[in-house]
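> Read off the chains here:
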Amino acid sequence: MDLLKVEGLKAGYKGLNVLWDVDLSVKKNTIVSIIGSNGSGKTTLLNAIMGLVEISEGDVVFKGERINHLRTQERVTLGLAFVPSERELFPQMSVQDNLMLGAYTPRARRSIKDSLRQVYDFFPVLKERSNQLAGTMSGGEQQMLAIGRALMSLPELLILDELSTGLAPAVTLRIYRKLKGLSERMTVLLAEQNIHQAFMVSDYIYVLENGRIIASGSPDELSESSLIKNAYLGVKA
Amino acid sequence: MNLDLASIALSDLIEVLIDGILFGLQLSLLAVGLVLIFGLGGILNLAHGEFVIVTGVISAVLISSGWNPAVAILAGILFSGILALALDRSVLRPVYRLEGEMEVLVGLFVTLGLAFTLEGITSYLFPGLYFSVRVPVETVSIFGLSFRASALVSGMISFLSLMLLLLFLGKTMTGKAIRAALQNQTGSKVCGIDVDRMRSLVFFLGGLMAGLAALAKGIASSVEPGSGLELTSYALIVGVVGGVRSVYGAMVAGILLGIVNALAGYLLGTYLTLVILLAIVVAVILYKPSGLFAGGV
Numbered sequence: 001m002d003l004l005k006v007e008g009l010k011a012g013y014k015g016l017n018v019l020w021d022v023d024l025s026v027k028k029n030t031i032v033s034i035i036g037s038n039g040s041g042k043t044t045l046l047n048a049i050m051g052l053v054e055i056s057e058g059d060v061v062f063k064g065e066r067i068n069h070l071r072t073q074e075r076v077t078l079g080l081a082f083v084p085s086e087r088e089l090f091p092q093m094s095v096q097d098n099l100m101l102g103a104y105t106p107r108a109r110r111s112i113k114d115s116l117r118q119v120y121d122f123f124p125v126l127k128e129r130s131n132q133l134a135g136t137m138s139g140g141e142q143q144m145l146a147i148g149r150a151l152m153s154l155p156e157l158l159i160l161d162e163l164s165t166g167l168a169p170a171v172t173l174r175i176y177r178k179l180k181g182l183s184e185r186m187t188v189l190l191a192e193q194n195i196h197q198a199f200m201v202s203d204y205i206y207v208l209e210n211g212r213i214i215a216s217g218s219p220d221e222l223s224e225s226s227l228i229k230n231a232y233l234g235v236k237a
Numbered sequence: 001m002n003l004d005l006a007s008i009a010l011s012d013l014i015e016v017l018i019d020g021i022l023f024g025l026q027l028s029l030l031a032v033g034l035v036l037i038f039g040l041g042g043i044l045n046l047a048h049g050e051f052v053i054v055t056g057v058i059s060a061v062l063i064s065s066g067w068n069p070a071v072a073i074l075a076g077i078l079f080s081g082i083l084a085l086a087l088d089r090s091v092l093r094p095v096y097r098l099e100g101e102m103e104v105l106v107g108l109f110v111t112l113g114l115a116f117t118l119e120g121i122t123s124y125l126f127p128g129l130y131f132s133v134r135v136p137v138e139t140v141s142i143f144g145l146s147f148r149a150s151a152l153v154s155g156m157i158s159f160l161s162l163m164l165l166l167l168f169l170g171k172t173m174t175g176k177a178i179r180a181a182l183q184n185q186t187g188s189k190v191c192g193i194d195v196d197r198m199r200s201l202v203f204f205l206g207g208l209m210a211g212l213a214a215l216a217k218g219i220a221s222s223v224e225p226g227s228g229l230e231l232t233s234y235a236l237i238v239g240v241v242g243g244v245r246s247v248y249g250a251m252v253a254g255i256l257l258g259i260v261n262a263l264a265g266y267l268l269g270t271y272l273t274l275v276i277l278l279a280i281v282v283a284v285i286l287y288k289p290s291g292l293f294a295g296g297v
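Chains as they are written, first to last, in my numbering: chain A, 1 to 237; chain B, 1 to 297.
Just so you know, the hints here were simulated from the structure itself, not pulled from any lab data.
One or more of the hints may lead you astray.
With a straight-line cut-off of 27 Å between C-alpha atoms, the simulated BS3-like cross-links for lysine-lysine are [as the list claims (entries may be wrong)]:
no., chain 1, residue 1, chain 2, residue 2
1, A, Lys63, A, Lys5
2, A, Lys127, B, Lys171
3, A, Lys180, A, Lys63
4, A, Lys113, A, Lys180
5, A, Lys113, B, Lys171
6, A, Lys63, A, Lys178
Construct the complete structure from the given sequences, taking the supplied hints into account.
Here it is, written out as structure tokens:
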């Protein structure tokens with residue numbers, strides 16, 4: 001069953017389209033990646049799914065319900081969670097307060113203590129630094145906090161934008177391994193410039209270029225494609 | 001001007017200092033509402049001082065109509081909160097759709113227009129009316145030092161109001177959501193926080209704080225129509241010195257400027273105090289434009 005479907009999506013900023021007729025679907029309990037070069041429209045696509053940019057045509061359907069008209073906070077209430085590439089933390093608040101605010105929706109608030117314990121188990125460094133101001137943490141720790149904050153909302157679909165940007169490869173790898181473990185009970189959609197890591201964790205991949213989906217398939221299928229080999233994997237077909 | 005520092009008694013200086021702190025607490029109370037509204041709404045509300053006047057006028061009118069004074073004052077404070085909320089929900093709605101300098105400038109003129117309108121209405125309908133709360137005891141003596149009881153009670157009300165605000169912002173989920181929205185609106189939205197709702201709540205809180213400032217000022221001295229823009233000026237001075245998006249900054253800057261105001265008034269004369277406060281604002285803008293205590297929301 002498709003948890004998320006994007007159909008014929010056109011979206012952009014101030015009337016200028018960045019995305020053109022984008023179709024994609026995300027099945028429950030899978031990890032789906034959107035790969036593409038810088039400026040291909042990955043962030044715009046995720047922002048459009050989250051209601052942070054204007055959709056000019058097409059539909060975003062979540063759990064069978066068209067959600068184009070819903071504001072970002074209403075989409076979060078439905079079960080979407082987003083980790084933006086800029087992390088968008090609250091720098092002058094403690095790690096714990098940042099996490100607690102992740103459970104702002106009424107549904108998440110009911111199990112806030114359990115969720116906090118699970119996030120601390122998932123990222124023990126956050127527990128060690130629970131009283132530290134978020135703005136004073138390292139890039140990797142802030143990324144863990146942003147993911148932890150998103151997990152606090154008990155999402156059905158976790159959306160991550162450019163997880164590896166600015167992080168040491170070892171840190172990114174550690175976070176990806178943890179995410180892989182999460183997909184047993186949660187669906188993950190991620191936009192990633194680091195193709196190798198996307199191939200490593202994903203069940204299905206979409207390739208976005210100039211605002212259009214130009215290829216899609218499982219990592220095995222795509223790794224056989226000459227287009228992908230040439231453009232992304234650095235292999236001459 | 002004859003300034004002989006050696007002749008100033010320590011006890012006089014302590015009294016002046018404490019007077020300054022008490023006045024400063026009033027300034028802080030006045031400024032926090034302005035700072036909250038600017039931080040989240042992006043609007044420098046030039047009608048903020050008029051909310052103080054409105055509480056004073058409503059309270060005075062209700063008391064003179066035979067209402068219980070406590071109920072009348074509560075109604076006055078609540079009315080200011082509702083008036084601020086109405087401002088957010090009506091004339092400012094189109095302003096929020098603007099961006100950058102345009103939002104700031106249009107917001108300035110809309111609230112300035114509202115300030116003139118409210119001043120005109122209150123001055124025209126209630127000429128000569130003033131709101132003042134009398135404290136039964138004239139002076140209080142503490143450790144041999146003498147203080148005006150009204151200033152002490154006023155300071156205590158300001159302090160308690162500020163502490164309640166801090167508790168609300170620091171300990172409740174809604175208060176934390178307001179602080180979050182002040183720091184990062186996109187981050188707030190992805191947490192499920194309704195930023196528009198938080199902004200309306202902040203306007204309501206700002207109005208309530210202005211109403212409480214009216215009570216504090218009414219106890220210490222009086223509140224009368226026609227002085228709203230002067231009160232807005234004081235709130236702006238405190239806001240800029242403390243950091244125009246920092247609630248904590250407004251609290252500390254208010255107390256500091258209250259002390260400066262009292263010392264300058266005592267040593268140099270009250271006619272120079274506002275000039276000195278304005279000079280401090282200019283110095284802060286030149287050397288630390290973000291404010292002395294910016295950062296702590």
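> Which numbered hints are broken by the structure, listed smallest first?
none
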